[in-house]
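Undergrad: Each chain, letter by letter, is given below.
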Amino acid sequence: DTAVSQTPKYLVTQMGNDKSIKCEQNLGHDTMYWYKQDSKKFLKIMFSYNNKELIINETVPNRFSPKSPDKAHLNLHINSLELGDSAVYFCASGGQGADTQYFGPGTRLTVL
Amino acid sequence: EDQVTQSPEALRLQEGESSSLNCSYTVSGLRGLFWYRQDPGKGPEFLFTLYSAGEEKEKERLKATLTKKESFLHITAPKPEDSATYLCAVQGTGGFKTIFGAGTRLFVKA
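Line by line, the protein sequences give chains P and C.
Quick note, in my numbering, the first sequence goes up one by one and the last residue is 154.
Quick note, in my numbering, the second sequence goes up one by one and the last residue is 269.
If you are wondering where the hints come from, they were derived from the structure by calculation, not from laboratory data.
No residue lacks a Cβ here, since even glycine has one placed at the ideal position from N, Cα and C.
One thing to keep in mind: the hints can contain errors.
Unchecked claim - Over the 12 Å line for every Cβ pair with chain P, so calculated as not near, a few chain C residues: (1) P167; (2) E168; (3) L172; (4) E174; (5) S178; (6) S179; (7) S187; (8) E217; (9) L221; (10) K227; (11) E229; (12) V267; (13) A269.
As the list claims (entries may be wrong) - BS3-like cross-link-like pairs, simulated, lysine-lysine; straight-line CA separation at most 25 Å: (14) P:K109 to C:K268; (15) P:K86 to C:K256; (16) P:K82 to C:K268.
Required output: the full structure, derived from the provided sequences and hints.
TA: Dropping the structure here:
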């Protein structure tokens, strides 16, 4: 059973397009996260939702919009894609506070 | 601002050659310090959580220790399958944001 799953695994698209990445967790966690890992492998928090409520919203362009239809799902929609958006995006789930976070396999986004 | 610095950036070991990875951190009140392992093309995999200075945790050939300013990940008699990037992260009491270091890439040669 996959604990945290993401689709798609690879996403290649043209500049200016709009795309979405989906994430689902079956661990029963209340909190889900989106991270961006750049080419230097730095993992940086973007957003966090707790029970469908946004609790962390880092300084990211407003072209990025997370959506949590229920506590098991957290999707990431990106408008007007730019070259600099190319990275690997990881979804994670866990408890609030100093709790273990479980990561998905990542989505490698390439903007041409 | 919370900060995590890992050293070295890369470490090459022979099989069986023990060593340590360092994680220095600055945080306004530590809620927890985490170690993760990341293999190429995969998501980080949880290894340990440490909560207070003096705490130690072990798993197979890995042992994590914590002081008030840094954490060490000791690798005893490593094997080639231990080759991966090891990530350190902290969460402070000021919020729920987890800050990751840049990682140490470990290569173990047979």
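Undergrad: So, for every hint listed, does it hold in this structure?
TA: Going down the list of hints, with the structure as the test:
Residue-level check passed: P167 of chain C sits 14 Å from the nearest beta carbon of chain P, beyond 12 Å. The Cβ of E168 of chain C sits about 10 Å from the closest Cβ of chain P, inside the 12 Å cut-off, so the non-interface label is violated. Against chain P, the non-interface label of L172 of chain C holds: every CB pair exceeds 12 Å, the least being about 20 Å. With a minimum CB-CB distance of about 24 Å to chain P, E174 of chain C clears the 12 Å threshold, and the non-interface call stands.
Against chain P, the non-interface label of S178 of chain C holds: every CB pair exceeds 12 Å, the least being about 20 Å. With a least beta-carbon separation of about 20 Å from chain P, S179 of chain C lies farther than 12 Å from that chain, consistent with its non-interface assignment. Every C-beta of chain P lies more than 12 Å from that of S187 of chain C, the closest at about 14 Å, which supports listing it as non-interface. Separation of E217 of chain C from chain P is adequate, the least Cβ-Cβ distance of about 17 Å exceeding the 12 Å criterion.
Its beta-carbon lying about 16 Å from the closest one in chain P, L221 of chain C satisfies the requirement of being farther than 12 Å from that chain. The Cβ of K227 of chain C lies farther than 12 Å from every Cβ of chain P, with a closest approach of about 16 Å, so its non-interface assignment holds. Look at E229 of chain C: its CB is around 18 Å from the nearest CB on chain P, clear of 12 Å, so calling it non-interface holds up. Residue-level check passed: V267 of chain C sits 19 Å from the nearest beta carbon of chain P, beyond 12 Å.
A269 of chain C, annotated as away from the interface, keeps every beta carbon of chain P farther than 12 Å; the closest lies near 25 Å. Using a Cα cut-off of 25 Å, the hinted pair K109 of chain P and K268 of chain C is violated, with the two alpha carbons roughly 44 Å apart. Of the pairs offered as hints, the one joining K86 of chain P and K256 of chain C holds, with about 10 Å between alpha carbons and a cut-off of 25 Å not exceeded. Restraint check for K82 of chain P and K268 of chain C: satisfied, since their Cα atoms lie roughly 23 Å apart, inside the 25 Å limit.
The structure is inconsistent with the numbered hints 2, 14, although it conforms to all the rest.
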